[in-house]
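Protein chains in written order, with our numbering: chain A, 109 to 498; chain B, 181 to 622; chain C, 72 to 247; chain D, 85 to 244.
Bear in mind the hints are in silico, worked out from the structure with no lab data behind them. There could be a bad hint or two in this list.
What follows is a list of derived Cβ distance ranges for each label pair [unchecked claim]: (1) C/Val131 with B/Phe231: 35 to 43 Å; (2) C/Trp164 with D/Asp221: 48 to 56 Å; (3) C/Gly143 with B/Cys261: 19 to 27 Å; (4) B/Leu558 with C/Val171: 45 to 53 Å; (5) A/Asp157 with D/Gly127: 31 to 39 Å; (6) B/Pro509 with C/Val131: 34 to 42 Å.
Computed from a predicted structure; not experimentally measured. We put the CB at the ideal spot given by N, CA and C, even for glycine.
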Amino acid sequence: MKEIELQCQPDLLYDGEIPSDVRTEELMLNMGPQHPSTHGVLRVVLQTDGELVLKATPYIGYLHRCAEKIAEKVTYRQFTPYTDRLDYLAAMNNNLGFALAVEKLGGIEVPPRADYLRVIFAELNRIGSHLMATGSYGLDMGAFTPLVYCFREREWIMDLFESASGARLTYSYITIGGVREDLPDGWVQRCREFLDYFEPKITEYNNLLSYNHIFINRTGNVGVCPADLAVAYGGTGPCLRGSGLAWDLRKATPYCRYNEFDFDIPVGRGQNGAVGDCWDRYFVRILEMVQSVRIVRQALDKLTDGPVQTKVPRIVKLPAGEVYYEVENPRGQLGFHLVSDGGTSAYRLKIRGPSFCNLSVLPVLAPNCLLADISALLGSIDIVMGEVDR
Amino acid sequence: MYTYERPKVEYKGLSLTIVRLATKWGAIGIPLLLRFAWGVFFAAVVAVVAFVWIVGRFINPLLPWFIRDVVVVVGLLAFVCIVAIIGIWGERKVSGRIQSRLGPMRTGHWHGWAQSLADGLKFVQKEDLIPRDADQPLFRLAPYVALVPAFCAYLALPFGVGWVFRSADVSLLFVLAMLAIEVLGVIMAGWASNSKWSLYGAMREGCQLVSYEIPMGLSLLAAVVATGSVNLIELGEVQSGGWFSWLIFQNPFLFLAFFTYYIASLASCKRSPFDLPEGESELVAGFHTEYSGFRFVMFFFAEYVAMFAVSALATIIFLGGWHSPIGGPSSPLWFVLKSTFLVWVQMWVRWTLPRIRIDQVMHACVKYLLPFTLLLFLGSSLWQLYDNPAHPAFKTFAHLLHYGLGCVGLLLLGLYFTGMGYGYYNRNRLVGQMARKHLPGA
Amino acid sequence: MLEIVIFILFAAVAVIAGLAILVSTNIVRMAYWLIAMLISVAGLYFLMGAYFLGVIQILVYVGGVAVLLVFGVMLTSRQMAPKLRPGRVEALWLTVVAAVLLSGLILSVVRVRWEPGAVVAGNSVAEIGRSLLGEFLGPFELVSVLLLVAMLGAAYLARPKTPVQGAQQRKGTTAL
Amino acid sequence: MMTPSEIVELLKQHDAASVVSAVADGPYPHVVLKPEKLVAAAGFLKTEPRLQFDLLRCISAIDWPARNIVEVAYDLISTSFGHAFAVKVELDRADPQVESVGGIWPAAQWHEREAFDLMGVMFLHHPDLRRILMPEDWPGHPLRKDYQDVVEYGGLKFNP
Numbered sequence: 109m110k111e112i113e114l115q116c117q118p119d120l121l122y123d124g125e126i127p128s129d130v131r132t133e134e135l136m137l138n139m140g141p142q143h144p145s146t147h148g149v150l151r152v153v154l155q156t157d158g159e160l161v162l163k164a165t166p167y168i169g170y171l172h173r174c175a176e177k178i179a180e181k182v183t184y185r186q187f188t189p190y191t192d193r194l195d196y197l198a199a200m201n202n203n204l205g206f207a208l209a210v211e212k213l214g215g216i217e218v219p220p221r222a223d224y225l226r227v228i229f230a231e232l233n234r235i236g237s238h239l240m241a242t243g244s245y246g247l248d249m250g251a252f253t254p255l256v257y258c259f260r261e262r263e264w265i266m267d268l269f270e271s272a273s274g275a276r277l278t279y280s281y282i283t284i285g286g287v288r289e290d291l292p293d294g295w296v297q298r299c300r301e302f303l304d305y306f307e308p309k310i311t312e313y314n315n316l317l318s319y320n321h322i323f324i325n326r327t328g329n330v331g332v333c334p335a336d337l338a339v340a341y342g343g344t345g346p347c348l349r350g351s352g353l354a355w356d357l358r359k360a361t362p363y364c365r366y367n368e369f370d371f372d373i374p375v376g377r378g379q380n381g382a383v384g385d386c387w388d389r390y391f392v393r394i395l396e397m398v399q400s401v402r403i404v405r406q407a408l409d410k411l412t413d414g415p416v417q418t419k420v421p422r423i424v425k426l427p428a429g430e431v432y433y434e435v436e437n438p439r440g441q442l443g444f445h446l447v448s449d450g451g452t453s454a455y456r457l458k459i460r461g462p463s464f465c466n467l468s469v470l471p472v473l474a475p476n477c478l479l480a481d482i483s484a485l486l487g488s489i490d491i492v493m494g495e496v497d498r
Numbered sequence: 181m182y183t184y185e186r187p188k189v190e191y192k193g194l195s196l197t198i199v200r201l202a203t204k205w206g207a208i209g210i211p212l213l214l215r216f217a218w219g220v221f222f223a224a225v226v227a228v229v230a231f232v233w234i235v236g237r238f239i240n241p242l243l244p245w246f247i248r249d250v251v252v253v254v255g256l257l258a259f260v261c262i263v264a265i266i267g268i269w270g271e272r273k274v275s276g277r278i279q280s281r282l283g284p285m286r287t288g289h290w291h292g293w294a295q296s297l298a299d300g301l302k303f304v305q306k307e308d309l310i311p312r313d314a315d316q317p318l319f320r321l322a323p324y325v326a327l328v329p330a331f332c333a334y335l336a337l338p339f340g341v342g343w344v345f346r347s348a349d350v351s352l353l354f355v356l357a358m359l360a361i362e363v364l365g366v367i368m369a370g371w372a373s374n375s376k377w378s379l380y381g382a383m384r385e386g387c388q389l390v391s392y393e394i395p396m397g398l399s400l401l402a403a404v405v406a407t408g409s410v411n412l413i414e415l416g417e418v419q420s421g422g423w424f425s426w427l428i429f430q431n432p433f434l435f436l437a438f439f440t441y442y443i444a445s446l447a448s449c450k451r452s453p454f455d456l457p458e459g460e461s462e463l464v465a466g467f468h469t470e471y472s473g474f475r476f477v478m479f480f481f482a483e484y485v486a487m488f489a490v491s492a493l494a495t496i497i498f499l500g501g502w503h504s505p506i507g508g509p510s511s512p513l514w515f516v517l518k519s520t521f522l523v524w525v526q527m528w529v530r531w532t533l534p535r536i537r538i539d540q541v542m543h544a545c546v547k548y549l550l551p552f553t554l555l556l557f558l559g560s561s562l563w564q565l566y567d568n569p570a571h572p573a574f575k576t577f578a579h580l581l582h583y584g585l586g587c588v589g590l591l592l593l594g595l596y597f598t599g600m601g602y603g604y605y606n607r608n609r610l611v612g613q614m615a616r617k618h619l620p621g622a
Numbered sequence: 072m073l074e075i076v077i078f079i080l081f082a083a084v085a086v087i088a089g090l091a092i093l094v095s096t097n098i099v100r101m102a103y104w105l106i107a108m109l110i111s112v113a114g115l116y117f118l119m120g121a122y123f124l125g126v127i128q129i130l131v132y133v134g135g136v137a138v139l140l141v142f143g144v145m146l147t148s149r150q151m152a153p154k155l156r157p158g159r160v161e162a163l164w165l166t167v168v169a170a171v172l173l174s175g176l177i178l179s180v181v182r183v184r185w186e187p188g189a190v191v192a193g194n195s196v197a198e199i200g201r202s203l204l205g206e207f208l209g210p211f212e213l214v215s216v217l218l219l220v221a222m223l224g225a226a227y228l229a230r231p232k233t234p235v236q237g238a239q240q241r242k243g244t245t246a247l
Numbered sequence: 085m086m087t088p089s090e091i092v093e094l095l096k097q098h099d100a101a102s103v104v105s106a107v108a109d110g111p112y113p114h115v116v117l118k119p120e121k122l123v124a125a126a127g128f129l130k131t132e133p134r135l136q137f138d139l140l141r142c143i144s145a146i147d148w149p150a151r152n153i154v155e156v157a158y159d160l161i162s163t164s165f166g167h168a169f170a171v172k173v174e175l176d177r178a179d180p181q182v183e184s185v186g187g188i189w190p191a192a193q194w195h196e197r198e199a200f201d202l203m204g205v206m207f208l209h210h211p212d213l214r215r216i217l218m219p220e221d222w223p224g225h226p227l228r229k230d231y232q233d234v235v236e237y238g239g240l241k242f243n244p
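Okay, chain A solo, but in the shape it has when bound (with noise of 0.2 Å):
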């Protein structure tokens, strides 16, 4: 096996030699479950020298819901409002996956419509969650106005969610079979406002905050992860493209048309110092929204009249088998493990959630950092603890 050199804070880390008379106590630093910057009911043990970080075990399970074990007593239908509260800042992406995956079982097939509306909600979804991670990670550095201004445009995606869904986050709005319902009257027309007034914004979210000085120097070469470590402790998404590895399962295994749309993978180039580094993690996801913006304009063009639904029975019966299907997340891949013995409800639903395999490689990261970069790491990795948890 290789060894990897993690090259947190070069500067800080004292090369050799220090008084040997002179010692000092470590302490123990309980951050979270209630903590500004772990994104939720995380909890982080950190063990510090002084602001140094020597080593940080997480301990997640504040939020476990029981959503596997639901899923075993209630029908698949049912099982869709628990899938928007895994990964809620991406509902939509989430419905995707867990319908996809019983579609696959099931093999329903889905007429074109549905799968391009579903590719626009899941994309305009992933730009929602984005502008969510953006936000929060400039809270995180200390910049409060740039979650504001996410907040705005992330406003108008909702705004948009609702008229169709008629939900603002748990949406449930791609069910098994298709989509609930067709779109109301003008949406297209309001989608396209959207993107023409969301597109020139990037450039001012990179002016304020991707390109800011005291950013960079907060991000670059912190929290280094190259691709191999981030393959080898299951990084998927903005994590493992962040590496500079141009995975994506949209290009990978297409599912939902996705091979029809012509978007590149960004990934991370090490333009303010090593390749993985958090300001890389951050700033791929700034350029998804880039692509995701490209995928929604060519699915509104392509847009066909229809029927946005297979019939499906109200209570799905599934043939016994089982299948395992994964979705290109905003945080990675989200995964289903669905194993049915032909009843109404799922025998074992397993779920693989992306935050849960990034939030793994912390452990690996966190040493030699500063206090303040954790909350820099925490950030990048971008969690949501209803899906770590589950």
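Place chains B, C and D on chain A using the hints.
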């Protein structure tokens, strides 16, 4: 069923007494106050202004010093409170506008002017929580140690000639000394809270303040060398006669010293990007994590009072103090205006920049700011040495540079106002579609 | 009259704070009592018209030295407090040393002829500056050399001496 | 990019004795391996240049009281080729034990902790096999089919 039995606690303390009195009287008083809020506010402003003016003009020569002192101190206290209250409200409005929000709009009907008052009232009613394992006496003392020195700085701060509580020869040093004591309160709070986050906040505060005091003092010393006085009134008086005679345009070293002072003063007020002691995304709330109610308000007050104090110092020393920039009559109004502008810039910076990391804070000070200010100090001294009739060539050069710098300053100010005008003209485009609908006058 | 009241106030605070330093067992409280004493002594200076001295006392001792002191002391463990009670042998030694110092102090106070000095009116800063860079230039420079030596000494003491164990370990090589 | 049947062939070539059964078509192509051969096969799957399954996506434990086994499924994908595959082991339900693959895919560590927590599968030689989602002293393994709901925990009584 699991039932939680709340431990019986005897509530006591000054805050509770205040609350009891306030709830008793407030039931009648507050609705009345709110109904006549406009009138009360203007009456208060008029009363304070008239009061201070009368005291400064007439009572001063007539009454014994002691009464004058009491009166002036009460006036100063009122001023400081108004500074803090308006500062907090202003911060929220400024941040709102920067973030394409509105900020407080409801309380007091006109742009939420009474928001800080309402918040203060709420804070007074809060239970005065002291953690069981905290060091009780120090925990109680800390907010006072933070607030009182910040107020004491105003005792030597002249608002104009004759507009000062005590005009000492060493008033500049006195103000600096008082601002330096404030850190003790913060450290005390951090340690007494017996919380690790607070301790981290206190540690950072200690590191940061002790380091940044040096470049801050050195930048001011560069100006002191140019005028030969540490008396704030004398420092202000040499800058009369229009903005060309401001010390900031005196020589290039002072021009730079203004900016180094301003950066260092941001650090000494714990303002962003140097707000590490309370950086909420890292240290929860830093040194005041465990504080609630009125004690928390005192820390808040101390911050805004100190903000105005450092800005006032910059105004007096670099920006001509109470003198009008266009050569008209000098007045304390100019002083307050300029200081407010600098406070506003502090807010502007805060809502724009991310926070620096602690090692970068120390590097910036020790590796860059400190040597740089030492050079400025040296340069300013040398300039003073050569800027005299014995060196006519240098004198001409100095004059040319002096006016050149003035033009640079004018250009900067012009750019600022142009930007402001541009922003105002394009406000609809800049604030974005969503916010536009909700802006007043839309 | 007022001056006497204020003098008694400051002096009392200084004495009480000084005694409290001795009596207190909590090391952080000691530091804060020390600060209280320094501030009240500065108040005495102000009362005597030595504004410059008073301000410098606050600026340097309270704002600088005391903050560093508190900063260092604060980081010690809270369980340190009981250990600060001296043992019997230590107490004996300390008494002897303190007695010698005190007698020296009393002797010098008694033997010096105290005359009411000329009060420096006007700009005391300028006066101090002139005398520091004129009459007392030699001692002034000597003191600065002393400070420089102290700083170099501190830097020397804090210099890394031996390689610490586990420094490599800390650098964090992770086998995968 | 290899098809599932080719992958099964490669595995059989590597060690035919390790493969219990194989499903090469349908929605979920996988092989069932003997538990004691799992680590060797996993190493092969990761290092074989034609396979390079470097990304362990998920470890799912499935309880089958009727067959008296606990299945552990390892879902793999290769970031170099993009082909996906799954490996399964079937363990004794009374005492499910299998060697940890955390040494091959570090990502497995947390998944294995979860499988241990919720299904009670013991992963041998795991560096840190603790409960991950449930509290340390939680009774039982909640995702087992015969799991009895906890009535009281830490002084809290739950309504049925």
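Structure-based check of all given hints:
no., hint, result
1, C/Val131 with B/Phe231: 35 to 43 Å, "holds (38 Å)"
2, C/Trp164 with D/Asp221: 48 to 56 Å, "holds (55 Å)"
3, C/Gly143 with B/Cys261: 19 to 27 Å, "violated (36 Å)"
4, B/Leu558 with C/Val171: 45 to 53 Å, "holds (46 Å)"
5, A/Asp157 with D/Gly127: 31 to 39 Å, "holds (37 Å)"
6, B/Pro509 with C/Val131: 34 to 42 Å, "holds (40 Å)"
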